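Given these sequences and hints, build the entire structure.
Protein sequences appear in the order of chains A and B. Going left to right, the first sequence walks through residues 1 to 118 as our numbering numbers them. Going left to right, the second sequence walks through residues 1 to 491 as our numbering numbers them.
Among the clues, some could well be false.
[To be verified] As a list, the in silico EDC-like pairs of lysine to aspartate or glutamate whose alpha-carbon atoms are at most 20 angstroms apart:
{"#": "1", "chain 1": "B", "residue 1": "K164", "chain 2": "A", "residue 2": "E108"}
{"#": "2", "chain 1": "A", "residue 1": "K55", "chain 2": "A", "residue 2": "D67"}
{"#": "3", "chain 1": "B", "residue 1": "K164", "chain 2": "A", "residue 2": "E101"}
{"#": "4", "chain 1": "A", "residue 1": "K32", "chain 2": "A", "residue 2": "E108"}
{"#": "5", "chain 1": "B", "residue 1": "K164", "chain 2": "A", "residue 2": "E110"}
{"#": "6", "chain 1": "A", "residue 1": "K32", "chain 2": "A", "residue 2": "E107"}
{"#": "7", "chain 1": "B", "residue 1": "K164", "chain 2": "A", "residue 2": "E115"}
{"#": "8", "chain 1": "A", "residue 1": "K53", "chain 2": "A", "residue 2": "D67"}
{"#": "9", "chain 1": "B", "residue 1": "K200", "chain 2": "B", "residue 2": "D155"}
{"#": "10", "chain 1": "B", "residue 1": "K371", "chain 2": "A", "residue 2": "E107"}
{"#": "11", "chain 1": "B", "residue 1": "K200", "chain 2": "B", "residue 2": "D274"}
{"#": "12", "chain 1": "B", "residue 1": "K164", "chain 2": "A", "residue 2": "D116"}
{"#": "13", "chain 1": "B", "residue 1": "K371", "chain 2": "B", "residue 2": "D448"}
{"#": "14", "chain 1": "A", "residue 1": "K32", "chain 2": "A", "residue 2": "D109"}
{"#": "15", "chain 1": "A", "residue 1": "K32", "chain 2": "A", "residue 2": "E101"}
{"#": "16", "chain 1": "B", "residue 1": "K371", "chain 2": "B", "residue 2": "E449"}
{"#": "17", "chain 1": "B", "residue 1": "K371", "chain 2": "B", "residue 2": "E444"}
{"#": "18", "chain 1": "B", "residue 1": "K371", "chain 2": "B", "residue 2": "E434"}
{"#": "19", "chain 1": "B", "residue 1": "K164", "chain 2": "A", "residue 2": "D67"}
No lab work stands behind these hints, which were simulated from the structure alone. Only a predicted model underlies this, so the values are computations on that prediction, with no experimental measurement involved.
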Amino acid sequence: MSDALGLYNYWIAIFLMMVGFYNVIASGNLVKKLIGLSIFQTSVFLLYITMGKVKDGTAPILGDGYDTFSNPLPHVLILTAIVVGIATTAVGLALVIRIQEHFGTIEEDELIAQEDSP
Amino acid sequence: MSSHLPIVPIVLPMIAAPLCSLLRRPALIWPLTTGVGWLVFAACAALLMQVVESGPIVYTMANWDAPIGIEYRIDLLNAYILVLVSGIAAVVLLYAPQSAASELPQDRHHLFCAAFLLCLTGLLGITITGDAFNVYVFLEISSLASYALISVSRDPRALKAAYKYLIMGTIGATFILIAVGLMYMMTGTLNMADLAQRVKMVEDTRTILMAFAFLSIGIMLKIALFPMHAWLPNAYSYAPSLVTAFIAATSTKVSLYVFLRFVFTIFGAEYAFDTLGFNDVLLPLALLGIVVASAVAIYQTDLKRLLAYSSVAQIGYIVLGISMGTVTGLTAGLAHMFNHALMKGALFLAVGCIVLRLHSSRLEDMAGLGKRMPITSFAFVLGGLGLIGVPLTAGFISKWYLLLGTLELGWWPVTVLLLISSLLAVAYVWRFVEVAYFQPPPAEASSDEAPLSMQIPLWMLLATTLYFGLQTDVTAGLAQRAALWLLGGGQ
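In structure tokens, the structure reads:
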């Protein structure tokens, strides 16, 4: 039991993952979908950061008084993934703006209704 | 110079992309982009020659050795995909200026070229790299560029299609990211060759099982394997024609390559197929995809959409070959990957020619096209015959191997299903033939063939499919070598 609680970082990551994923699927608003997508991606960043954390570890500094280090590699990887995430959100929002310009709405059901009655 | 050859296909388009967006003048950027495309193709062809002659090439980035640095590892399988992707890009780029002039807004050409080159960089990067995280990064580069390429179309519906693709594509890519993370967690390495060795030691853990699950779902979304194909039909039908031709021919194939790479060389065929029984998942999905998508294709009113559904079905064939897990099956899958890319590329280029003249891809507007655009119509029919799998076309070779594979395993129902699905293919290709050849052209229509600059690339691709239909030892031979190598665990 305490094992399961001790891994609370993972619980949070999974909870956020599901919140984000649910939002992507269930929300009808295109911007809200992107917010969900962002949360979903962020949860994966948390997963990676947790993975690299060593108990009582610091950043990898060479010097006296620092002997336990966290693994910096997953942290650096996530730096790249954050950039990718931002780019995705930016492209997504740009598309939403253009959709709003052309169709006058960003609600999924209204967009579908427009398509059915040209 | 030759020792730095593996980096050329990545760096060249990556540098040319921002140059394009700075130069802005269509008179400058099109020759630049096309030139880069052909140079990259030449580099990839040279790499393939080198691999065939003297075995895998390993290139370490900035001289950092493998476990720490990123390495590019080129073997028979990815050299084959590199040549395919860069070849299609080079041909499509020859075709692009004319088609873009009519289908894209004038002030966006430089951005279009930049996105195209970035997409090419990403696709080649995924293929060439030997680092699992690098695959994710390049995957996102190519995906983000392709969302932009799709949305640049004049048809506003392309925006919605690109948005949908963005959502599904990002979910797929993030799943792959999770899988890579879980694998790193268990093995402490991101290098594919290292992963292949270390995953075997921990393959009984649930973490690796989860990694496999996330990875396969993520990649299936990218492959557009039925029923995860929802993004594909709209994206293909509303995107500009040359984008459709390029993406349809390359993007799903590269994702399939990632699938093969991870499943066969990292997890190993034994783990995926014998321990987990993964082929029991792939087989029904592939068969459903083949039958349902082919049937849906018959009822389409838009030629691009028809071809898009046919793509979903053809991906089913490839996955069917993979799911057999035998040398013949895998050979069929690999050969069909190659052949389908060429055929679908040619078909979409033909549609591009038609759209250039008719400004529409609806079947009802194509009455009497056989008289109005005889050469293009003939090209389309030839490509269509390839999709059906008529002898003397490349499509026949891969279907033949698929049939052999099913017979070897004694899967009679699948054999029958394959034959039926070929009839469905006849039906959807016939839709075009009927409209183009058996309906009279509208009275005011003039005969107006597409310009030579578009005809030549189209016929280049078609000629390749016919060539590979006769010279079976090239594709099938290479595919068989790659299949043997994959089933041996890629060592």
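Status of the hints after comparison with the structure:
1. Restraint check for K164 (chain B) and E108 (chain A): satisfied, since their Cα atoms lie roughly 11 angstroms apart, inside the 20 angstroms limit.
2. Of the pairs offered as hints, the one joining K55 (chain A) and D67 (chain A) holds, with about 12 angstroms between alpha carbons and a cut-off of 20 angstroms not exceeded.
3. Taken as a hint, the K164 (chain B) and E101 (chain A) pair is honoured in the structure, with Cα atoms around 17 angstroms apart against an allowance of 20 angstroms.
4. At most 20 angstroms may separate the alpha-carbon atoms for a hinted pair to count; K32 (chain A) and E108 (chain A) meet this at roughly 11 angstroms.
5. For a cut-off of 20 angstroms, the pair hint linking K164 (chain B) to E110 (chain A) stands: about 15 angstroms separates their Cα positions.
6. A C-alpha spacing of about 10 angstroms is found between K32 (chain A) and E107 (chain A), which places the hinted pair at or below 20 angstroms, so the restraint holds.
7. Between the alpha carbons of K164 (chain B) and E115 (chain A) the distance comes to roughly 15 angstroms, so the proposed pair stays at or under 20 angstroms and holds.
8. Between K53 (chain A) and D67 (chain A) the alpha-carbon distance is near 14 angstroms, which keeps this suggested pair within the 20 angstroms criterion.
9. Using a Cα cut-off of 20 angstroms, the hinted pair K200 (chain B) and D155 (chain B) is violated, with the two alpha carbons roughly 49 angstroms apart.
10. Taking the CA atoms of K371 (chain B) and E107 (chain A), the gap is about 45 angstroms. The hint is violated against a cut of 20 angstroms.
11. For the given pair, K200 (chain B) sits about 14 angstroms from D274 (chain B) by alpha-carbon distance, which is consistent with the 20 angstroms threshold.
12. For the suggested pair K164 (chain B) and D116 (chain A), the alpha carbons sit about 18 angstroms apart, so the restraint of at most 20 angstroms is met.
13. A hinted pair counts as satisfied when its Cα atoms are at most 20 angstroms apart, and K371 (chain B) with D448 (chain B) qualifies at roughly 9 angstroms.
14. Restraint check: the Cα-Cα separation between K32 (chain A) and D109 (chain A) comes to about 14 angstroms, which is no more than 20 angstroms; the hinted pair holds.
15. Restraint check for K32 (chain A) and E101 (chain A): satisfied, since their Cα atoms lie roughly 18 angstroms apart, inside the 20 angstroms limit.
16. A distance of roughly 10 angstroms separates the Cα atoms of K371 (chain B) and E449 (chain B); the hinted pair therefore holds under the 20 angstroms criterion.
17. A hinted pair counts as satisfied when its Cα atoms are at most 20 angstroms apart, and K371 (chain B) with E444 (chain B) qualifies at roughly 13 angstroms.
18. At most 20 angstroms may separate the alpha-carbon atoms for a hinted pair to count; K371 (chain B) and E434 (chain B) meet this at roughly 13 angstroms.
19. At roughly 48 angstroms between alpha-carbon atoms, K164 (chain B) and D67 (chain A) are farther apart than 20 angstroms, so this suggested pair is violated.
Of the numbered hints stated above, those contradicted by the structure are hints 9, 10, 19, listed in ascending order.
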